[in-house]
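A.B. asks: Sequence:
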Amino acid sequence: MEITAGPHGDTISKVCCGSRYILTTSWDSTAALCNYDGRSALRATFDGPVLSGCFSSDESRLFVGSTEKRVAMVDIESSKISGVGSVFSAPVSQVCPNAPGGPWSLIAASQDGHLQTIDARQPGGISYKIDPKVVCADTASNTLVLGLEDRGVQVLDLRQISKPLFTRKLNLEHPLAQVRCSVDGKIFAASSLASRIVVEKAEPQPSAENFLFRAHRVATDNGYDAHAVFGLAFHPLDNNILVTGGTDCSVAVWDLKKRECINSYCNLLYNVSGLDVSPAGDSMAIALSSMPYLRTPAQSKNSNPSTLLIKKNIKLV
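For what it's worth, the numbering used here labels the leading residue of the sequence shown as 2, then goes sequentially.
Hints listed in this document are in silico derivations from the structure and should not be mistaken for laboratory results.
Predicted, not measured: the structure shown is a model, and the values here were computed from it.
Yeah, the Cβ is synthetic: ideal placement off N, Cα and C, and Gly gets one too.
Just so you know, nobody snuck in bad clues.
Derived SDA-like pairs: lysine to any residue, alpha-carbon spacing no greater than 25 Å straight-line:
#	residue 1	residue 2
1	K170	N240
2	K70	A100
3	K258	V199
4	K259	A209
5	K164	V88
6	K312	E261
7	K312	V254
8	K187	A209
9	K70	D29
10	K164	V199
11	K70	S90
12	K258	R215
13	K81	R21
14	K130	G103
15	K134	G49
16	K202	D151
17	K312	Y266
18	K259	D185
19	K313	D256
20	K312	R21
21	K134	S87
22	K259	G186
23	K170	F214
Computed spacing ranges between beta-carbons, pair by pair:
#	residue 1	residue 2	range
24	V219	P124	48 to 56 Å
25	A220	I82	45 to 53 Å
26	V219	D113	29 to 37 Å
27	V88	K164	23 to 31 Å
Could you put together the complete structure from these sequences and hints?
C.D. replies: Structure representation (structure tokens):
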């Protein structure tokens with residue numbers, strides 16, 4: 002079953018699947034919730050583009066990062082918006098939840114290279130300087146993976162965040178687009194702006210099982226076009242299944258053990274700017290955004306620049 006929800010008035014910056022709702026954030030200055038039938042449940046408006054968002058561990062609240070330079074907390078039941086943590090000196094580009102029962106609620110990163118751990122119950126937050134700057138981030142279990150401006154990653158233990166477990170350069174020729182962790186935090190995948198994807202164990206010593214592959218390349222008369230991979234998600238029940246989405250308007254499902262594509266969804270209306278898989282693994286939310294610099298003539302005729310595609314009752318494993 003396929004359902005279209007939205008639309009947003011600009012590029013969707015983040016899509017996140019919870020057990021009841023799907024969260025989307027957008028450059029149109031909004032964060033929105035819909036259920037898996039596509040019905041709108043909440044829409045919050047901010048004073049500038051919304052760059053990232055996530056659910057709280059109990060899914061009763063949303064945390065949103067934007068150009069307002071502070072993390073906003075949205076109560077899902079009351080729609081009340083309040084600021085949490087300390088004010089950053091630059092836009093908040095990454096917001097990730099902490100593990101359930103952790104000493105703080107979330108981790109946020111700004112565009113000027115600062116990381117902040119925030120307890121939503123307390124004023125202020127604890128800040129750390131990260132160099133190079135963080136361009137993407139994800140958490141799972143007790144693992145935090147930061148994608149860095151220099152095409153490297155920094156992996157930290159959420160229980161002792163002051164000192165990274167390791168920092169490592171990735172075998173990518175172009176800047177990072179996205180990074181995601183497996184549900185148990187033992188594996189991470191990182192994608193680039195030009196079709197390369199690396200899959201590695203979250204361990205200090207490089208593993209022989211780490212590997213790189215290419216995806217979302219479109220054949221042309223002169224070779225191929227390498228597309229950015231902004232959509233990245235592990236299956237929540239199987240670390241061997243990775244879903245990717247690219248600016249070639251397609252989504253691919255990969256079996257990492259066999260290292261092959263086992264399913265794909267092609268010829269989507271717009272470029273994939275993000276995706277996520279539901280906690281039960283039976284639904285997928287795909288953010289389709291008509292990014293102005295990638296827009297085709299056919300896409301330019303459509304009046305809705307961004308929308309959310311929900312695929313229900315799917316079988317990825």
